[in-house]
Amino acid sequence: MSTERLPLRVWLLMLPLLIVMLTVIGWPLIDTIRLSFSDARLVGTGGHFVGLHNFTKMLSNSYFHSAFFTTLKFSLWSVTLELVIGVLVALLLNQKFHGRTLLRALLILPWALPTVVNATLWRLIYNPEYGALNAALTQLGFLDSYRSWLGEPGTALTALIVADVWKNFPLVALIALAALQAIPNDIRAAAISDGANVWRRFRHVTLPYLLGPLMVALVLRTIEAFKVFDLIWIMTRGGPANSTRSLSILVYQEAFAFQRAGSGASLALMITLMITVLAVAYLFIMRRLAGEGR
Amino acid sequence: MEHQSLIFRIFIHTMALLVAVVILAPLAWLFIMSVSSSVDLSAKPLHWWPETLDFSRYSLLFSQSDNSAGAAFMSSLGNSIKVASMATIAALVVGVPAGWAASRNPQLGWTLGGVIGTYMLPPVALSVPLYLILAKFGLLNNVFGLALVYLSILAPFVTWLLKAGFDPIPRDLEDAASIDGARLDQMLRIVILPLALPVIATALIFAFLLAWDEFFYALLFTSNQNAKTLTVAIADLAGGRVSDYGLIATAGVIAALPPVAVGILMQRALISGLTNGGVKG
Chain A
1 MSTERLPLRV WLLMLPLLIV MLTVIGWPLI DTIRLSFSDA RLVGTGGHFV GLHNFTKMLS
61 NSYFHSAFFT TLKFSLWSVT LELVIGVLVA LLLNQKFHGR TLLRALLILP WALPTVVNAT
121 LWRLIYNPEY GALNAALTQL GFLDSYRSWL GEPGTALTAL IVADVWKNFP LVALIALAAL
181 QAIPNDIRAA AISDGANVWR RFRHVTLPYL LGPLMVALVL RTIEAFKVFD LIWIMTRGGP
241 ANSTRSLSIL VYQEAFAFQR AGSGASLALM ITLMITVLAV AYLFIMRRLA GEGR
Chain B
1 MEHQSLIFRI FIHTMALLVA VVILAPLAWL FIMSVSSSVD LSAKPLHWWP ETLDFSRYSL
61 LFSQSDNSAG AAFMSSLGNS IKVASMATIA ALVVGVPAGW AASRNPQLGW TLGGVIGTYM
121 LPPVALSVPL YLILAKFGLL NNVFGLALVY LSILAPFVTW LLKAGFDPIP RDLEDAASID
181 GARLDQMLRI VILPLALPVI ATALIFAFLL AWDEFFYALL FTSNQNAKTL TVAIADLAGG
241 RVSDYGLIAT AGVIAALPPV AVGILMQRAL ISGLTNGGVK G
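Just so you know, the sequences run in chain order A and B. To convert, note that position 248 of the first sequence is 248 in this note's numbering; the numbers rise steadily by one, no gaps. To convert, note that position 205 of the second sequence is 205 in this note's numbering; the numbers rise steadily by one, no gaps.
Don't take each hint at face value.
Which stretches of chain B does chain A cover? Using the computed rule of at least three CB atoms under 8 Å from a CB of chain A, they are [stated by the list, open to error]: (1) 21 to 29; (2) 70 to 84; (3) 121 to 129; (4) 172 to 180; (5) 185 to 197; (6) 200 to 208; (7) 213 to 227.
Hints were generated in silico from the structure; no laboratory data involved. Ideal placement from N, C-alpha and C gives every residue a C-beta, glycine not left out.
With the hints as constraints, model all of the structure from the sequences given.
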């Protein structure tokens with residue numbers, strides 16, 4: 001089958017897409033690689049070949065280290081919370097109760113909200129002078145005086161994570177719910193009549209069905225979280241005191257604010273490599289799971 | 001189903017209520033901010049419900065008078081519609097034939113790998129060369145230039161969506177039509193398009209929304225009303241010295257309306273899409 005040669009007509013159908021992909025993805029990617037070995041500026045001279053200088057400089061740079069750990073912290077917390085809350089909400093929605101269909105429909109809302117609007121909304125909620133969070137916590141007696149949630153290094157990253165989790169746990173919940181509803185009723189009934197307790201039922205009946213779809217959600221969310229830019233740019237611009245500066249924000253500053261195209265490109269390339277490693281690792285795990293299970 | 005105890009049922013309903021409140025409260029607050037007077041919004045203690053509903057910000061943003069907040073907002077709204085439409089149409093033009101070819105020829109499965117690969121690519125990996133290309137051709141701060149850049153996101157996305165949508169359309173139909181001596185264009189028009197149209201429409205809507213929501217490239221490649229999109233305009237409002245928070249909220253509500261409306265209307269399709277994507281892996 002795969003050795004069979006494709007007729008010319010098929011290639012003609014593919015041609016426009018291939019041209020577009022090469023122009024707007026393939027060539028820019030190759031050019032990023034070329035730039036990463038040069039000292040090119042964004043405007044002006046083309047720059048000279050500087051070997052691995054950009055990479056060695058970046059790897060020994062404390063800005064890079066702190067941005068890496070900020071990104072890692074943001075991704076780990078966001079994705080973990082989204083998975084845990086998402087699965088719990090899916091388990092809830094798998095029960096029978098009044099308004100179940102309505103609640104499932106509500107899950108669409110945060111997910112459909114544009115990221116920019118989500119970031120703006122939470123920035124308003126966290127506002128140090130008039131924000132709803134300060135007002136609510138003070139009126140409920142949890143807080144004595146208004147705080148600058150996004151203005152203090154101690155709380156800014158947490159505030160960002162909350163905004164990210166609120167928008168993205170519904171996606172995980174919907175994926176997990178779909179998986180739960182695929183579990184045949186007789187398997188569950190058999191487990192109950194065998195006297196399996198709640199935990200054992202979850203572990204041996206529910207979890208195997210959830211694992212595959214959850215891995216997919218995990219891959220998608222981790223890659224997205226690792227690329228995070230919009231949310232941080234709008235809410236804190238990487239501040240205060242660079243405490244929320246992610247790798248993507250760092251590339252933006254390096255390549256566009258400071259116009260150092262060369263070192264910006266080398267940084268972008270390193271992020272791409274990290275994401276590739278993540279994706280390959282996940283694909284590997286998924287293959288393993290698919291091989292073992294069902 | 002198993003018998004549920006009263007305590008368990010109360011617990012389930014309480015948790016459901018909690019989840020509903022967590023989802024709705026921020027959204028409701030966005031809308032309330034947009035219709036509250038600035039006096040209400042800056043009151044301490046905060047007024048959670050406005051004295052009178054104030055829709056004046058909506059008419060302000062949709063006003064066309066020169067140099068007003070409305071004029072800037074309207075031009076960014078127009079730019080968003082232009083860029084998203086152009087990019088969507090271009091993506092469909094390249095995506096429909098490619099998606100069809102990939103669907104009918106399993107040997108082209110590698111294209112799917114390519115598509116997943118481009119989805120993983122962080123936009124920063126392409127941003128510097130794309131900037132240089134646009135600058136070279138004078139397409140910075142230009143709706144055509146931005147639409148071209150958006151193709152890097154929309155073209156693979158649309159192709160993948162269309163391929164998955166075309167797969168269930170039976171091949172027998174094409175074979176029968178070609179045996180009957182139909183020309184390729186007749187076959188497309190009479191047999192395939194009617195069946196493929198819902199798939200194409202879905203891809204069109206999602207591609208448009210993807211472009212509508214995009215922020216990173218728009219921030220980098222646009223600088224004023226000539227090409228600035230709605231997302232950048234909102235970020236400007238949020239990050240600027242706008243004293244009326246209600247105005248920022250209003251812009252947010254307007255930008256959120258199209259995707260949220262589509263999300264509600266296409267709920268069923270969305271959820272089944274997630275199911276398929278999620279379960280197939």
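Consistency of the hints with the structure:
1. 21 to 29: Check passed, 6 qualifying residues.
2. 70 to 84: violated (count 0)
3. 121 to 129: Result for this restraint: holds, n = 9.
4. 172 to 180: Since 0 is below three, the answer is violated.
5. 185 to 197: violated (count 0)
6. 200 to 208: violated (count 0)
7. 213 to 227: It holds, with 5 qualifying residues against the three required.
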